[in-house]
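> Below, each chain spelled out in residue letters.
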Amino acid sequence: AQTVTQSQPEMSVQEAETVTLSCTYDTSESNYYLFWYKQPPSRQMILVIRQEAYKQQNATENRFSVNFQKAAKSFSLKISDSQLGDTAMYFCAFMKPPTGNQFYFGTGTSLTVIP
Amino acid sequence: EPEVTQTPSHQVTQMGQEVILRCVPISNHLYFYWYRQILGQKVEFLVSFYNNEISEKSEIFDDQFSVERPDGSNFTLKIRSTKLEDSAMYFCASRGRGSSNAETQYFGPGTRLLVL
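Those protein sequence lines, which keep their order, are chains L and C.
The opening residue of the first sequence carries number 1 in my numbering; numbering runs sequentially from there.
The opening residue of the second sequence carries number 1 in my numbering; numbering runs sequentially from there.
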């Protein structure tokens, strides 16, 4: 079974600073997908970034980037130039193909950006 | 940008009552999912649905649960006889097929269900 672990229940960061959220997972699969979702107080779960395991290059989306370490089964999210709107719960998720399969989620990290 | 929507946002019900949670997936999506999140715990998979049938379900999804797509746009989760432990946030998700982002599931804002 796949497990996803987020070891930081809560984090805070000063506005404009950089913060890294950690995620580790356990799988015997070689091909899979990893995701970071953001859930702000409005509750809409929003895709932040995704990574395909067979791609060595770390995914980036504007201020968001990941550090994907396949051998270590680690998938951390770096948020640069943190903004107040980044305050949210962040979930790491794992999915193995075929693409109809379920997501496995971590317990989430609550991030607060302090003005 | 298209979004998954869910109604109601909050539902309070008495134990033993039936509830129906509604979702409108993104219009051209073909795969549909229900997840739940008990307060303080991780988001858990309940069921996936494709081509008008369940494609996968978890052990949580017992005989008290059912899903259907009654009219080609809505996707519903029914809990026949609610229990206290069904209190949770329920998320609907959908995904498309055949695009470069086909594996991504798009989530709705959730329905918070409270069983008294």
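Among the hints, erroneous ones may be present.
[Stated by the list, open to error] Each computed BS3-like pair below joins lysine-lysine, with the alpha-carbon atoms no more than 30 angstroms apart:
hint, chain 1, residue 1, chain 2, residue 2
1, L, 96, C, 78
2, L, 55, L, 73
3, C, 42, L, 55
4, C, 57, L, 70
By construction, these hints were calculated from the structure, which means they are not laboratory data.
> Each of the hints needs a verdict: does it hold here or not?
Cross-check of the supplied hints:
1. L/96 x C/78: Distance of about 27 angstroms is within 30 angstroms: holds.
2. L/55 x L/73: Distance ~14 angstroms between residue 55 of chain L and residue 73 of chain L Cα, so the pair holds.
3. C/42 x L/55: Distance ~27 angstroms between residue 42 of chain C and residue 55 of chain L Cα, so the pair holds.
4. C/57 x L/70: This hinted pair holds, its Cα atoms lying about 28 angstroms apart.
Going through the hint list in order, the structure satisfies each hint without exception.
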